[in-house]
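Visitor: Chain by chain, the residues:
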Amino acid sequence: MVQLLFTYLGEGDFMEGKCGIVGYGVYIPRFRIKSEEYVKAWGIFAAPGVKEKAVAGFDEDPITMAIEASMNAINYAGIDATDINCVYFASSHPPYAEKLMSSTISTAIGAPSNIATSDFTSSTKAGTAAMLAALDFVASGRGDFALVVAADSPYADFKDFIEHRLGSGAVAFIIGKEDLIAFIEGIHSVSMEFFGERFRKSGEKFLRDLAIRSYAKYALNKIYITCVSELFRKVNRKPDDYKYAVFQQFDGRTPLEVALRLGFKPEQVTPTLLCTKIGDTGSASCLISLASILDAVNPNERILVASYGAGAGSDALSIVVTENIKKKKDFLTVGDYLEDKEYVDYLTYLKFKRGI
Amino acid sequence: MYKVAIIGVGQTRFGEFADKGVKELFVEAFLEAINDVDKGIDPKEIEEAYIGNLGVGGIQLGNFSSMAVDQIGLHGIPATRVENACASSGFAFRSAVMAIMSGVCDVVLAGGVEKMTDIPRDKLRYWLGVSGDTEWERLAGMTFPGVYALMALRHMHQYGTKREHLAMVAVKNHKNGAQNPKAHFQRETTLERALNSPMVAYPLTIFDCCPVSDGASVAILCRADLAKKYTDTPIYVAGFGAGTDRLSLFEREDFTTLMSSVLAAKQAYKMAGIEPKDVDVAEVHDCFTIAEIIAYEDLGFCKKGEGAKLIEEGETEIGGRIPVNPSGGLKAKGHPIGATGTGQIYEIVKQLRDEAEKRSRQVSGAEIGLTHNVGGSGGTAVVHILRRG
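Listed in order, the protein sequences are those of chains A and B.
Using the numbering used here, the letters of the first sequence correspond one by one to residues 1 to 356.
Using the numbering used here, the letters of the second sequence correspond one by one to residues 1 to 389.
Since the hints were derived computationally from the structure, they do not count as laboratory data.
Where hints are given, some of them may not hold.
Claimed, not checked - The list that follows gives simulated cross-link-like pairs (lysine-lysine, DSBU-like), each with its CA atoms no further than 30 Å apart: (1) A/Lys205 to B/Lys123; (2) A/Lys51 to B/Lys123; (3) A/Lys326 to A/Lys341; (4) B/Lys123 to A/Lys201; (5) A/Lys217 to B/Lys358.
Said to hold, decoys possible - A few chain B residues that face chain A, going by a derived Cβ cut-off under 10 Å, partial list only: (6) Glu28; (7) Glu32; (8) Pro43; (9) Glu45; (10) Ile119.
Computed from a prediction, not measured in an experiment: that's the story for all the values here.
Glycine included, C-beta positions come from ideal geometry on N, C-alpha and C.
Using the sequences and the hints given, assemble the complete structure.
Guide: Shown next, in the form of structure tokens:
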């Protein structure tokens, strides 16, 4: 197996804290399905650690969810949509293989036509990839505010085990230079060739999973260990320096295994595991967890976010919270969306997912 | 007929290796075996090779032996793939012995390799079931654990064996495996944990079942009268035996015993001129914990039906009357199907040479060792008796 290693070395002003998060917002659909419904249908629920998950309604998709999350982020940031210079949209399972979806979002939220937009896709690390690009956009001086929005509602064949854990959700961040609630002190990315254990060929409807556990574990560990240790070296940090560490949440168990291997403790990771309530939200997963952590965190605390995309690669960010985090009141939190829920049965789930 | 000696053995660690395929594994074991020959051997002296492999995953079903000798740089020599399910390399070893006994060859390689962890779980289930009767067992829904579960239930019914006895086998073998750097699992377990673990096929829990492993093992054999040229510590093949049984469970008169094992053991003891009580250490085929208990009886280590008593009394621990599976057995050491047979040979050779790693696993003063390798649910079985020089 040939392994090609490309390392992106992040450099530039934003590493010294001049770029970061001005505001954020999420959108989680209100429908939920419990693991028990799967057991009734299939006799098993094959997503360890997931108790229930969010389900996009019949008329929802990543674009509609992204628009909602974006409006929440704009509200939090206290800016106007017309201030936005860039919209980067990320989804591992977007409704279109070819059509600018960032344009739909940009227009729907009222952003100007003179704007840079791009769609990021093809893996569950698309969300962090979009965030890194947004940081570059602002740091390089191309604009003052960038909107990064990741939204996913992945689906797979109902008879496949990978389908059990797939959830729905969206999260948006406004990236800027001033009045930051959190700045990025360092980033690192890693890319190595692995056959994606989780993949979809062009034109295919359903997400597929090779289900070769030892191979998936090998790829995951190799990528994560390389990426996170190099980030630590760059910013001169160690696991104990972080209050929270967010990893890719394919289920409720794998992120803990990864974290422990990297030297973190369970209490740094368990509070970040939103997948236990909303399922695997693909490219939005790490960023939704980051948003829920930001709802609860204190100034000067540190958060590590490290995504993983099959095929394979990782983006890692070392984030420091500022005093401004306490200034915000009156915004919809992740908790608000989590509490607003309505359970559906498996039949309704199938209808929403257009399975019957 | 010539006598046969083992002059070198090698084995990879058994386990899950995402970055090693059959080729890498076999080469690794081969190189270790060559380097194990303490006075040195030129690989080109090897005249023939018998290699065990089931072919899980279908990676190289045709001409496997040719691929294997090609990879170790011995293309040109006659090579044969031997397949008898889980007893593949045990039978490969037996063929190598007979090739030397007959006088056709002086130096022969016997080994085995299997790669099992590179296919999805549901495909693996198919491959694990191919060693039963296809028409009447496999296609009727029988799985490999299912077959042994039936044997366990019958043994429990006929002889009062309890689930606790099965768990005791798991505890012993994990304790041994924890001290074996080559074992797949190197962690001990407790009786409670084994008994309360998820059920696979009643009464067998996951702790009663051996794992799915990758691995390879190789032994180099030569004519006994030439052995001292290669090593000061040759281990001699004192006897061997093999047998078959009705393939399907439902055809057997009594499936609390494996006729193939009983026949193989009888032949081996007779050839070696010994009795069961003369065996100092044994590696038996514990694909499931019940298989070890049945093996105690089939190999004559105890009376029929008293296998449970033997494990309960601790007689088969290292330091007991008849240490069984000091390597951790298939349960803890792992079971890469094609490699298990010569893996057992590897362990017994190391024990008889007083070279067991770690030293805490060494059975002291072992002079006569036995290996017991079974194919599937007992369709085939082969026993070897090895003796220190």
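Visitor: Now, for every hint given, state plainly whether the structure supports it.
Guide: Results of checking the hints against the structure:
no.: 1; hint: A/Lys205 to B/Lys123; in the structure: holds, 23 Å
no.: 2; hint: A/Lys51 to B/Lys123; in the structure: holds, 28 Å
no.: 3; hint: A/Lys326 to A/Lys341; in the structure: holds, 27 Å
no.: 4; hint: B/Lys123 to A/Lys201; in the structure: holds, 22 Å
no.: 5; hint: A/Lys217 to B/Lys358; in the structure: holds, 29 Å
no.: 6; hint: Glu28; in the structure: violated, 17 Å
no.: 7; hint: Glu32; in the structure: violated, 23 Å
no.: 8; hint: Pro43; in the structure: violated, 27 Å
no.: 9; hint: Glu45; in the structure: violated, 34 Å
no.: 10; hint: Ile119; in the structure: holds, 7 Å
Figure legend: structure checked against the earlier numbered hints; hints not met, in rising order: 6, 7, 8, 9.
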